[in-house]
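**Student:** Given the structure of chain C, go ahead and fit chain H onto it with the hints provided.
2 protein chains.
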Amino acid sequence: MGVVVPLDEERRRAQNAVAQLQALVAQDMEDVNEFIRERMASEVPMVPELASHLINSGGKRLRPMLTIAAARICGYTGKDHIKLAAAVEFLHTATLLHDDVVDESDLRRGKKTARMLWGNQASVLVGDFLLGRAFKLMVETRSLRSLEILSTAAAVIAEGEVMQLAAAKDTGTTEDAYMRVIQAKTAALFAAAAEIGAVISNRASNEEAALESYGRNLGIAFQLVDDALDYGGRSATSATLGKNVGDDFREGKITLPVVLAFRRGDAEERAFWQRVLQDGDQRDGDIEHATKLMARHGTIDATIARAQHYGAIARDALAIFPDSQYRQALIDLVDFCISRTY
Amino acid sequence: MGVVVPLDEERRRAQNAVAQLQALVAQDMEDVNEFIRERMASEVPMVPELASHLINSGGKRLRPMLTIAAARICGYTGKDHIKLAAAVEFLHTATLLHDDVVDESDLRRGKKTARMLWGNQASVLVGDFLLGRAFKLMVETRSLRSLEILSTAAAVIAEGEVMQLAAAKDTGTTEDAYMRVIQAKTAALFAAAAEIGAVISNRASNEEAALESYGRNLGIAFQLVDDALDYGGRSATSATLGKNVGDDFREGKITLPVVLAFRRGDAEERAFWQRVLQDGDQRDGDIEHATKLMARHGTIDATIARAQHYGAIARDALAIFPDSQYRQALIDLVDFCISRTY
Numbered sequence: 000m001g002v003v004v005p006l007d008e009e010r011r012r013a014q015n016a017v018a019q020l021q022a023l024v025a026q027d028m029e030d031v032n033e034f035i036r037e038r039m040a041s042e043v044p045m046v047p048e049l050a051s052h053l054i055n056s057g058g059k060r061l062r063p064m065l066t067i068a069a070a071r072i073c074g075y076t077g078k079d080h081i082k083l084a085a086a087v088e089f090l091h092t093a094t095l096l097h098d099d100v101v102d103e104s105d106l107r108r109g110k111k112t113a114r115m116l117w118g119n120q121a122s123v124l125v126g127d128f129l130l131g132r133a134f135k136l137m138v139e140t141r142s143l144r145s146l147e148i149l150s151t152a153a154a155v156i157a158e159g160e161v162m163q164l165a166a167a168k169d170t171g172t173t174e175d176a177y178m179r180v181i182q183a184k185t186a187a188l189f190a191a192a193a194e195i196g197a198v199i200s201n202r203a204s205n206e207e208a209a210l211e212s213y214g215r216n217l218g219i220a221f222q223l224v225d226d227a228l229d230y231g232g233r234s235a236t237s238a239t240l241g242k243n244v245g246d247d248f249r250e251g252k253i254t255l256p257v258v259l260a261f262r263r264g265d266a267e268e269r270a271f272w273q274r275v276l277q278d279g280d281q282r283d284g285d286i287e288h289a290t291k292l293m294a295r296h297g298t299i300d301a302t303i304a305r306a307q308h309y310g311a312i313a314r315d316a317l318a319i320f321p322d323s324q325y326r327q328a329l330i331d332l333v334d335f336c337i338s339r340t341y
Numbered sequence: 000m001g002v003v004v005p006l007d008e009e010r011r012r013a014q015n016a017v018a019q020l021q022a023l024v025a026q027d028m029e030d031v032n033e034f035i036r037e038r039m040a041s042e043v044p045m046v047p048e049l050a051s052h053l054i055n056s057g058g059k060r061l062r063p064m065l066t067i068a069a070a071r072i073c074g075y076t077g078k079d080h081i082k083l084a085a086a087v088e089f090l091h092t093a094t095l096l097h098d099d100v101v102d103e104s105d106l107r108r109g110k111k112t113a114r115m116l117w118g119n120q121a122s123v124l125v126g127d128f129l130l131g132r133a134f135k136l137m138v139e140t141r142s143l144r145s146l147e148i149l150s151t152a153a154a155v156i157a158e159g160e161v162m163q164l165a166a167a168k169d170t171g172t173t174e175d176a177y178m179r180v181i182q183a184k185t186a187a188l189f190a191a192a193a194e195i196g197a198v199i200s201n202r203a204s205n206e207e208a209a210l211e212s213y214g215r216n217l218g219i220a221f222q223l224v225d226d227a228l229d230y231g232g233r234s235a236t237s238a239t240l241g242k243n244v245g246d247d248f249r250e251g252k253i254t255l256p257v258v259l260a261f262r263r264g265d266a267e268e269r270a271f272w273q274r275v276l277q278d279g280d281q282r283d284g285d286i287e288h289a290t291k292l293m294a295r296h297g298t299i300d301a302t303i304a305r306a307q308h309y310g311a312i313a314r315d316a317l318a319i320f321p322d323s324q325y326r327q328a329l330i331d332l333v334d335f336c337i338s339r340t341y
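Those sequence lines, one after another, are chains C and H. Residues 0 to 341 in numbering that gives the first Met the number 0 are what the first sequence lists, from first letter to last. Residues 0 to 341 in numbering that gives the first Met the number 0 are what the second sequence lists, from first letter to last.
Treat the hints as calculated values from the structure; they're not laboratory data. Hints should not be assumed to be uniformly reliable.
All copies of an identical chain are treated as equivalent in the list; a pair is satisfied when it fits inside any one copy or across any two copies.
As the list claims (entries may be wrong) - When the alpha-carbon atoms are kept at most 20 Å apart in a straight line, the in silico SDA-like pairs for lysine to any residue are as follows:
| # | residue 1 | residue 2 |
| --- | --- | --- |
| 1 | K291 | R249 |
| 2 | K78 | L143 |
| 3 | K252 | G118 |
| 4 | K78 | R202 |
| 5 | K168 | P44 |
| 6 | K252 | M45 |
| 7 | K78 | L116 |
| 8 | K59 | E250 |
| 9 | K110 | E42 |
| 10 | K252 | E8 |
| 11 | K168 | G118 |
| 12 | K78 | N32 |
| 13 | K168 | W117 |
| 14 | K252 | R263 |
| 15 | K252 | S142 |
| 16 | K110 | E174 |
| 17 | K78 | M28 |
| 18 | K59 | E42 |
| 19 | K111 | D79 |
| 20 | K168 | L116 |
Only chain C is shown next, with the shape it has when bound in the complex:
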């Protein structure tokens, strides 16, 4: 069983989807970027230097785009979605800075991580600085409900990371336990980013819930595809991924492709997974063997199939909105997240 490779046509359409969404929100996103530049300023030079290294490293700004698009689909005409979107990006950037310290990562988006250039200490502290600035931005919008949603998400994200830390070395992790981790560490921020777009638009609670659900399920799909890509999902290479293929493996992370390979494997295979991930005893050729076992049991395919399931829920969540360019772009974004090659 090979991995699911979409037809070139499908892939082009998916790529196109993100380009369309980007075009729709281009003006707003310019304002968001302006706020980001302005609000990461500090009289301590190392702060904006380190922060901008990551913020300007070519991330897709997916989460702030969700806030903007959600506000627009709700017909919002004010200006506060810009500040909230910038706050979401700061929150996300703070999480990445701390993640790279926790995971001891060397590369992100194809560049050296901030901790490799400025050290772990500065990465922790600049993350804290961005968290503080994120809340300051939210406060300026005076939207207590948005503040509640985002502060709750901030705590949930951290809880998810701790959960992952505790489960990191347990090859017997169930799929359910793994899903709880990614619901918290990834999907919570996607959900919050989309939901606050409805909140500042003062929309009915069913529209708020629809956008929350869209964001949450998109986030789950996004993370599952990420996990598949880390094992070369669709014959991706280190260069196209912007991070090392097999990072999760080397860090001993238990992700869905591993959870399934462990469960579907025989005693000998389980002993292998325990040695390389639980005991951390990795040798030459182990990653190739791991990939072979995943192919044997089709666990990359299964992971992408799971992602498609959550993607379908995300799409259906938007059905209550009347047809519009924004709705179409958000629906197409689901396809992009599932078929993305970077």
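**Tutor:** Just chain H, lined up with the frame of chain C:
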């Protein structure tokens, strides 16, 4: 020149001062502790385990006490000061967890640091969790002004820590530059903790400013005394301090006793400070030599004299309030902070 040792009588009075303040706020602080216990709960067991290790390690709860006392001196009769005080303690605890990671500290308050027991990774993440929960508590009070003050403080504290990181190895740091660091990393939270007590009481801006000033100057005095104590200030021992004497020295931190010793020393002495702190080349007997140089130039005395200067400003800031038990207790607290032995 010896260090300034207060008469036993003075020391007793100062100790007494804190006991009096503690008695005045005892009921409120019980409620604060109840909220702290409740809000650090998580379904991820490691989160409250790690958090309570530090939160229940016998800290004096100075910062939340400031919020409570400030609200009471302003005649506040509501309940929100409890939540804000708990939020202040969470913010402070998050900072300590991250500080211990950044400083690679082994001991705090006489106990092993959380990072020694649960690792750096969990300490970073549980700090983030507490930050999220702190903001959630603030949001519940619906006081946007308090949220603004505390989110600003959170960013400023992190900036101060980065500033210290950048200056850490520079023995040529000026006293002014050093003061900017401690204004940010320590005094900002003391100032915010006191100010929000006035904010939720809806007091006139001069009372808000008075409490902000009291907190800021108390915080500066507190930090300067801490720096003096780290070099055994008042013949303190590792056991009475609850941390290792000379920690700052070993970590190459440039604090005021060093700043002054470097400036007041001759070329040979400056070469010594550069070797041990700038180049990090420390040998047996260096810490004793450092202490001797500080005694020769009276830099511990001078640091405590500086602390007394800021303490006096803090006391005078409270003059606009009518006499009350709370005002007296806050004034006495200044003496306690300066003469404390732990």
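**Student:** Hints first: check each against the structure and report whether it holds.
**Tutor:** Structure-based check of each hint:
no. : hint         : result
1   : K291 to R249 : within (16 Å within a copy, 50 Å between copies)
2   : K78 to L143  : both (16 Å within a copy, 19 Å between copies)
3   : K252 to G118 : between (23 Å within a copy, 17 Å between copies)
4   : K78 to R202  : within (16 Å within a copy, 31 Å between copies)
5   : K168 to P44  : between (39 Å within a copy, 16 Å between copies)
6   : K252 to M45  : between (31 Å within a copy, 18 Å between copies)
7   : K78 to L116  : neither (36 Å within a copy, 47 Å between copies)
8   : K59 to E250  : neither (25 Å within a copy, 40 Å between copies)
9   : K110 to E42  : neither (26 Å within a copy, 36 Å between copies)
10  : K252 to E8   : neither (34 Å within a copy, 60 Å between copies)
11  : K168 to G118 : between (26 Å within a copy, 15 Å between copies)
12  : K78 to N32   : within (14 Å within a copy, 40 Å between copies)
13  : K168 to W117 : between (29 Å within a copy, 15 Å between copies)
14  : K252 to R263 : within (18 Å within a copy, 54 Å between copies)
15  : K252 to S142 : neither (38 Å within a copy, 41 Å between copies)
16  : K110 to E174 : neither (32 Å within a copy, 38 Å between copies)
17  : K78 to M28   : within (12 Å within a copy, 41 Å between copies)
18  : K59 to E42   : neither (28 Å within a copy, 33 Å between copies)
19  : K111 to D79  : neither (34 Å within a copy, 45 Å between copies)
20  : K168 to L116 : between (28 Å within a copy, 18 Å between copies)
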